[in-house]
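Colleague: Generate coordinates for the entire structure from the input sequences, incorporating the hints supplied.
From first to last, the protein sequence lines are chains A, B and C. Counting from -10, one number per residue, gives the positions in the first sequence under the numbering used here. Counting from 73, one number per residue, gives the positions in the second sequence under the numbering used here. Counting from 9, one number per residue, gives the positions in the third sequence under the numbering used here.
These aren't lab readings, by the way, just hints derived from the structure by calculation. Check each hint, because a few of them may be wrong.
Unchecked claim - Each computed DSBU-like pair below joins lysine-lysine, with the alpha-carbon atoms no more than 35 Å apart:
#1 239/A to 170/B
#2 394/B to 124/B
#3 412/B to 362/B
#4 394/B to 368/B
#5 368/B to 145/B
#6 230/B to 361/B
#7 361/B to 237/B
#8 359/B to 444/B
#9 444/B to 237/B
#10 336/B to 439/B
#11 361/B to 124/B
#12 41/C to 239/A
#13 336/B to 239/A
#14 444/B to 361/B
#15 439/B to 260/B
#16 336/B to 370/B
#17 239/A to 194/B
#18 239/A to 206/B
#19 41/C to 116/A
#20 142/B to 394/B
#21 230/B to 439/B
#22 239/A to 260/B
#23 239/A to 124/B
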Amino acid sequence: MTRWLVRVAVSTAVVAGIYGIGAGVEATMIEYVQRIVLIAGINVILAVGLGLINGTTGQFSIGHAGFMAIGAYTAAFTGVQLAPALSGLAGAGALSEAVTFNLALLAGAVMAGVAGLLVGIPSLRLKGDYLAIVTLGFGEIIRLLFNNTQALGAATGYFGNDPSGLPPYTSFFWVYLWVVVIVLVIRNITFSQTGRSLTAIREDEIAAEAMATPTTRLKVTAFSISAATAGIAGGLFAHMQSGIRPEDFKFEKSIDMIVMIIIGGLGSITGAIIGGIFLAVTLELMRDLQEWRLILYALLLVVIMIVRPQGLLGTRELSLAMFARKKAPSKP
Amino acid sequence: MRTNRRSWLAIAALLALSGVSSCKKGKSDEIVIGHYASMSGNTAHYGQDTDKAIRMAVDEVNAGGGVLGKQVKVVTLDTRGDSAEAANAVTRLIDVEKSVALLGEVASSLSLSGGRVAQRRKVPMVTPSSTNPKVTEVGDHIFRVCFLDPFQGKVMAKFARENLKLERVAILKDVKNDYSIGLAEAFKGSFSALGGKIVMEQSYGQGDTDFSAQVTAIKNSDAQAIFVPGYYAEVGAIARTAQRLDVKLPLLGGDGWDAPDLFKIGGDALNGSYYSNHFAPDAATPKAKKFVADFKAKHGAEPTGLGALGYDAAAVLLDAIKRAGKTDGDALRDALAATKDFEGVTGSITIDSARNPEKSAVVLEIKDGRAKYAATVNP
Amino acid sequence: MSQFIQQVINGLSLGSIYALIALGYTMVYGVLKLINFAHSEVFMVGAYSGFYAATFLGIDALDQSGQSFPLYLALVVLIVAMLVSATLGMTIERLAYRPLRNAPRLTPLITAIGMSLLLQNLGMLIFTPNPRRYPPILREVRFDFGGVIVTNIKLTIFAVAMALMVGLWFLVNRTWTGRAMRAVSMNLDAARLMGIDPDRTIGKTFAIGSALAAAGGILFGLDQITINPTMGTLTGLKAFVAAVLGGIGNIPGAALGGLLIGLSEQLVAGYISPDYRDAITFLILIVILILRPEGILGVVRQEKV
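Modeller: If you want it as structure tokens, here you go:
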């Protein structure tokens, strides 16, 4: 009973904390910096979610932009349809907006998760680079389907019915609340029994199977969860951007996600967080370099892969204890 | 130890990379105008051409003492042809570079993305060449100096029906490009209303290089001409493909054709084709002639219609700053909205209540590898 | 009917270009088990090398005066482009893949994606992003067979592609170099024990595959009229699909896959909708990988535990 109370208290404190920091950020920072902070949060969601399948499970997806697109389109469309109904029910205001937004995000997550399931069931029988190339194919097909769907604006993109675009629901509070939720969910999966099984699949799938691990089911589940988190990130992106186009979810977007988890370290949650933030900040700082920017970006990817293919942290997690003991703890 | 040193090296490299940045502060004795454009990526030539012309307009004003007693500075940020980056760039132009007004984007989808930010922050924006109607519908701070797709589509439909006396036309549009889709729709509506018939609709995607399937299909219809509302690279290749497949139909198109490279790519396969544009260098006003000459002297090439519009957008904006007497967002918006009979390179510009200009269009005919003035079509 | 024949002819010429590029993917996959994403950029650089070589040899002046480019110079252009691409392919292998020879299989894959991005962006910087018209190193002659148009360019594309593929078949099956390549692709360690230098053999494999891609690049330019620095991305991906379709690691398979993909694209674009051309090619990839990952001509290999 008390444990339950403590949990409620901690959760309330965290939510209040995010709200407080959000208010502080919005009061003190210029919008330009705020935007980068939001992008960093969305990147963290993408990276942590992708890390579950690419890092922990070792099944490489290079088409996650497709799931992000499904989440973004679903959330945007649901939000536009729900908003009038909910504001009629609960009155226009912050409450009905918050409910609309989160229902839209959840709808995006569910659709992306289902798509992940549908893509995952046939594809995850394949291994390694074959799997990678199939996810790439699916990612491109998803984008091409949006490109040819007139009801969602086809190549022009989807902006809702208002000429000023989708409502800008995405705020510091919502982005980072979702960051906390998703990081906790992924952390709990990674360090659970299931998580160990996933790691076992990464290390040696045949051995894992021999140990009676239901490899296919676990892989598909992890893939679907990872797709759902990309869907949440897509919904947040859509409502930050006030409109989405199929072009926003090109193959390059999937590469960006991979770069994030590679910088931090494949199989490390804290690594993914660092990678997500790093990418948001660096790409923005390098804007002045114009055409050199993408050259440096690609060079960075190649050099990291050659010099330190396991990323900054490898599969280790960054923790306070690591600094206190001056020694990396072994993986739990 | 070895891996440890390597990881520190990697960290140091990352930090060094993130240190690559620069800090700029707006000085009080200059007026900053922000320009966001595709300066890299595969649509870079549009942004680069527009930027050159904008800087020409600003340099001319600065040489004459600037506006409101201050020099004008243009800050250009790259959008890489990406809508999220366009929004980032506009936010930075407003917050960090302290731009009083914005110029930008050629592509309508990017103007929409950047325009929404500008509208929310109440910073006036003038787009030189985004022809999609939705762009200025974003809000009362968004203006443009070019005509709209529906008008352009009507111009070509009218020209095809009345001047060329065509009855059956096939359409070959770029479905990855909202500009092309909009123009195709407008043409289709007007051409049918004028008693013509669209006998076939084919499509391609921007960046495609193989058009033989579509052209072969059109060859087997009874079309008298093909309307190709796309960008010049694909149009040039389509013309060559048609020539190769022995299809002797004239092509019709819009301002997306306007680039010197069109003739390099399409060559003699384009002879006998027509396209609508914002201005014709060979039938220009003295002001336009001077612009063409100056641009050629400075950059060694003839300006495109996009360049001319960039010049006009900057000139209209500078004129509005002069008339407003201050650089405050709302005052500037009111001054822009009051623009009347402004003599630009691309014709006289009067901004209407929907923040669009009332302008005429010209139709150019391609003869001997050059575009020549053929007709003017008024709204 | 004439429309159908026309689409088939266009499909076969496009397909033979895919086949040439697919060979590079297949050969590299054979020896290294690596999807060499940078191959699409080697193809692009090959096309541009041909472009600059032809320009250097004065094609613009000839073209403007209406004269045709001499055949021996066209051959020089082809050889120059093949040499440039072969050098580039070997350099990429040396710098980016060799250090990762013993890394987990996905590490070189990501590196390959990185190399592809790097080369593409360097291409935009050096060649500018503007699409260029490909110099007409072959003067076009049209033959009209009752409404079906066949140009000498289409015939040349087909002939050059077939000649190069037959040459490759001989190289792989009838020479010591080819034997070494096959040995390395079967078992690298065993090949080393037999006195084969795997690094040299892998280098040669990259060189040959890249040279074929360069030939593909020149034929592509001739066929498709324009080139640009991003031309490799989609074309390369489709060529890879062709390699998988035919059976990756299998040389006749790559040729067959290329022709099939070219045909299917042209027929889908002509009779269904060009909007779904790319989507259907990716769908073929997915279906083949899921149902028969070893491809049409591939052999099922049992996985070792």
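Colleague: Compare the structure with each hint and give your call.
Modeller: Going down the list of hints, with the structure as the test:
no., hint, verdict
1, 239/A to 170/B, "holds, 32 Å"
2, 394/B to 124/B, "holds, 22 Å"
3, 412/B to 362/B, "holds, 22 Å"
4, 394/B to 368/B, "holds, 28 Å"
5, 368/B to 145/B, "holds, 23 Å"
6, 230/B to 361/B, "holds, 28 Å"
7, 361/B to 237/B, "holds, 32 Å"
8, 359/B to 444/B, "holds, 19 Å"
9, 444/B to 237/B, "holds, 20 Å"
10, 336/B to 439/B, "holds, 14 Å"
11, 361/B to 124/B, "holds, 17 Å"
12, 41/C to 239/A, "holds, 26 Å"
13, 336/B to 239/A, "holds, 30 Å"
14, 444/B to 361/B, "holds, 15 Å"
15, 439/B to 260/B, "holds, 26 Å"
16, 336/B to 370/B, "holds, 22 Å"
17, 239/A to 194/B, "holds, 31 Å"
18, 239/A to 206/B, "holds, 24 Å"
19, 41/C to 116/A, "holds, 12 Å"
20, 142/B to 394/B, "holds, 11 Å"
21, 230/B to 439/B, "holds, 21 Å"
22, 239/A to 260/B, "holds, 31 Å"
23, 239/A to 124/B, "holds, 30 Å"
Consistency note: the structure conflicts with none of the earlier hints.
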